[in-house]
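J.: So the sequence lines, in the order shown, correspond to chains S and R. Read in order, the letters of the first sequence correspond to residues 1 to 310 in our numbering. Read in order, the letters of the second sequence correspond to residues 1 to 423 in our numbering.
Watch out, some of these pointers could steer you wrong.
What the hints assert, rightly or not - List time: in silico BS3-like cross-link candidates among lysine-lysine, alpha-carbon distance up to 30 Å:
{"#": "1", "chain 1": "S", "residue 1": "K204", "chain 2": "R", "residue 2": "K158"}
{"#": "2", "chain 1": "R", "residue 1": "K52", "chain 2": "R", "residue 2": "K158"}
{"#": "3", "chain 1": "S", "residue 1": "K89", "chain 2": "R", "residue 2": "K222"}
{"#": "4", "chain 1": "R", "residue 1": "K48", "chain 2": "S", "residue 2": "K184"}
{"#": "5", "chain 1": "R", "residue 1": "K326", "chain 2": "R", "residue 2": "K293"}
{"#": "6", "chain 1": "R", "residue 1": "K333", "chain 2": "R", "residue 2": "K310"}
If you're looking for bench data, these hints aren't it; they were derived computationally from the structure. Only a predicted model underlies this, so the values are computations on that prediction, with no experimental measurement involved.
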Amino acid sequence: MGVLILSSFSVSFAKQYSKPDLQQYIKRRSLPKNVSSDAMIEHSPENDRKAIGKNLADIELEKTQENKPNTPQAAAPSKEALKPFSIRKSYYVYDPLEGFNRRVYYFNYGLDKYFIIPVTKAYVFITPKPIQKGVSNFFRNNDMIKSTANSLLQGKIKKAMRAVGRFTMNATVGLGGTLDTASKMGMPTPHEDFGMTLAHYGIKSGPYLILPVLGPSNLRDAVGTGVDSYSKRFMDPYEAAQLFDYDSIGITALNGVNTRSKIPFTYYSTGSPFEYEYVRLLLTKYREMQIRAANLPEAPKIKDYNKKEL
Amino acid sequence: MKKIMYLFLYFIFAYASFGKYDFPEKNPYAATILGSTTAMTDFALPEKIPTKEYTLTLQPAASVPDNLWFHKKFKFSLAYQKYPAPLVFILAGTGSSHNSGRMDIFQKILYSAGFNVICMSSPLSQNFIVSASSTRLPGMMMDDCKDLYNVMKLAYEKVKDKIDVTEFNLTGYSLGATESAFISYIDESEKYFDFKKVYMINPAVDLYESAIILDSFLGSGKEAGPRIARMLDYALEKGVYTFGDEYEGFTATNIYGIFKKAKLTNDQMKYIIGLVFRITSIDLNYTTDALNKSGVYSKRPVKKFDSMFKYFEKVNFASFEDYLTKIVYPTLKAKKGWTFADIRKNTSLELLTDYLKKTDKIVAVTNQDELILTPKHLDYLKKTFGDRLIVFPEGGHCGNMYYTPNVEIMIRYLSEGVFKFEN
Chain S
1 MGVLILSSFS VSFAKQYSKP DLQQYIKRRS LPKNVSSDAM IEHSPENDRK AIGKNLADIE
61 LEKTQENKPN TPQAAAPSKE ALKPFSIRKS YYVYDPLEGF NRRVYYFNYG LDKYFIIPVT
121 KAYVFITPKP IQKGVSNFFR NNDMIKSTAN SLLQGKIKKA MRAVGRFTMN ATVGLGGTLD
181 TASKMGMPTP HEDFGMTLAH YGIKSGPYLI LPVLGPSNLR DAVGTGVDSY SKRFMDPYEA
241 AQLFDYDSIG ITALNGVNTR SKIPFTYYST GSPFEYEYVR LLLTKYREMQ IRAANLPEAP
301 KIKDYNKKEL
Chain R
1 MKKIMYLFLY FIFAYASFGK YDFPEKNPYA ATILGSTTAM TDFALPEKIP TKEYTLTLQP
61 AASVPDNLWF HKKFKFSLAY QKYPAPLVFI LAGTGSSHNS GRMDIFQKIL YSAGFNVICM
121 SSPLSQNFIV SASSTRLPGM MMDDCKDLYN VMKLAYEKVK DKIDVTEFNL TGYSLGATES
181 AFISYIDESE KYFDFKKVYM INPAVDLYES AIILDSFLGS GKEAGPRIAR MLDYALEKGV
241 YTFGDEYEGF TATNIYGIFK KAKLTNDQMK YIIGLVFRIT SIDLNYTTDA LNKSGVYSKR
301 PVKKFDSMFK YFEKVNFASF EDYLTKIVYP TLKAKKGWTF ADIRKNTSLE LLTDYLKKTD
361 KIVAVTNQDE LILTPKHLDY LKKTFGDRLI VFPEGGHCGN MYYTPNVEIM IRYLSEGVFK
421 FEN
């Protein structure tokens, strides 16, 4: 999922709904004030430009001098840096079932192309935007049940309470979860799943796996996903309230379509011969990051993450 | 037509007195990175526009290696208007495909302004190399653009029933801008499209020299490997705190804020820009080697589901310079008896100097702090284009393409033929 989010960086800004469209913008824009036409183009202002502006020969020279490490965390050459560098160590992910995985990757591509994406497109096309939003909020809110259960399994009581708080707020004031009132009130969104619970108790990720339909994962998280979706039926507040069965095929399908409609990635779309390797590496790193973030002693805030010594 | 009228009226008012050019991001590296977003665009783009992706089969299927099966067909996309309108071809930057993020934004902008739009992948993109390149050794500008021109003709043939075209225009950014000059040159003799206006956005003057600058951001292949690994670890460390935030989380809307707060150093931003270019180079190195069977990275054909990691190791983050020296040069030396000087000559816009000086349908925009130009290049552009060149004070490499005043100048030129920057 990480790579999918990362890959959507560039498009995401296009989706700022608050801006007027081009036509409205043209109508609305008032006359700008008169400004003298100073020749500000005359001179190159910044110092960095100089570095690039040098002759290519100089750049060549810099390249050879530039061997000293530059990123802050490597300011003093550590023992790591002195070891000979191995691509395999830094970029390979344990993947003994690669042949099988690549075939499932290919199978998923076909399934995606001829079935899932057409269905998703139809859903996005026929469903009004507010309803899509409501559906997506509903499923997001339901994830809180999973988060609560897994937080409790890991003994994270405070986190479980935050998840319960969010769920209750949205389920009541937010009309059954279709409105995201909690976020508007500034309530946190904790996330835990069974894969993360297993990781919390020290279980390693195991071999990389491409799951049919669901896509890239690993052995531990595949088990986690299985447990999470199996246990859904025992923690179904809607069935308890005799509304509907959350575990039914219809709701599960809707959940799937909703999830897929939010992922801008399609198989083989990067066009790179190394796409499989890149996806494998980035998703593994993303998951690592998510698990480490969930196990920080205190939930951090973006506001002050820069102050942290890294 | 209504849309064009709106635009026309708008420009009359807006340009009567134009605001001072005040691009908010002064650091050229940060500008270059943010340039892939519409953070600087004042108007919202439509979320969905009528587009269609088409494919063309140009190479015999047998000539496509098994592990690159997904590039058997050439892909391009069309955004179409319901009424007669001009058609604009957009040529993608180095190695980008027709549906990359930046192309997507361009397509939406030009569609909103009332144009039919066809997006073409870069001749250095994987899809083009495998499915459309006749040499399968991209980088030599004139050869690439002959291929590209052919594909453009076929693409138009394929979609001409769907659109009603009043005139043909051409634009491109980065290497796509350089290519548009070549395409226009070829079109002068072939007259198939007879382009009326050509708009070059941040062109490279010399592909080789610009590539060396971008290569240098990340260093040689040997340096790049550990450097990218460190970058990933660093991003992971930072990311732990970003993703750990249950209050803000990591959503599309706060990426700009996070980027700002991350306070990356110039070196780190150079690494990011260098990395984007390096990923293109890695693919380019591997694919051209496999297609030309030059045996530098892979000795025998790879099957459809074979692991590619050993080739990734073998390529070892090879740079664009590696591509030219290890693959292009030996191949062309053997085939055509070329020297390296011949290759250098063929990567440069200077092949067209005479044409560029006298034609008045081609205009160009660039930036004073453009990363891929040396001062010599900038002088060359000024001398060659004269008053058909606008040099914006800041913007880095393609960082201000979607900044509102830039968009206005582009649309004004493509719709009215008036090229003016009153600052």
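J.: Hint by hint, say whether it matches the structure.
T.: Verification of the hints:
For the suggested pair K204/S and K158/R, the alpha carbons sit about 53 Å apart, so the restraint of at most 30 Å is broken. Distance hint between K52/R and K158/R is fulfilled; the C-alpha atoms sit about 12 Å from each other, no more than 30 Å. Simply put, K89/S and K222/R have alpha-carbon atoms about 15 Å apart, close enough for the 30 Å limit, and the pair holds. Proximity of K48/R to K184/S is assessed by CA-CA distance (about 27 Å); at most 30 Å being required, the pair is judged to hold.
Between the alpha carbons of K326/R and K293/R the distance comes to roughly 13 Å, so the proposed pair stays at or under 30 Å and holds. Using a Cα cut-off of 30 Å, the hinted pair K333/R and K310/R holds, with the two alpha carbons roughly 28 Å apart.
Of the numbered hints given earlier, the model fails hint 1 alone.
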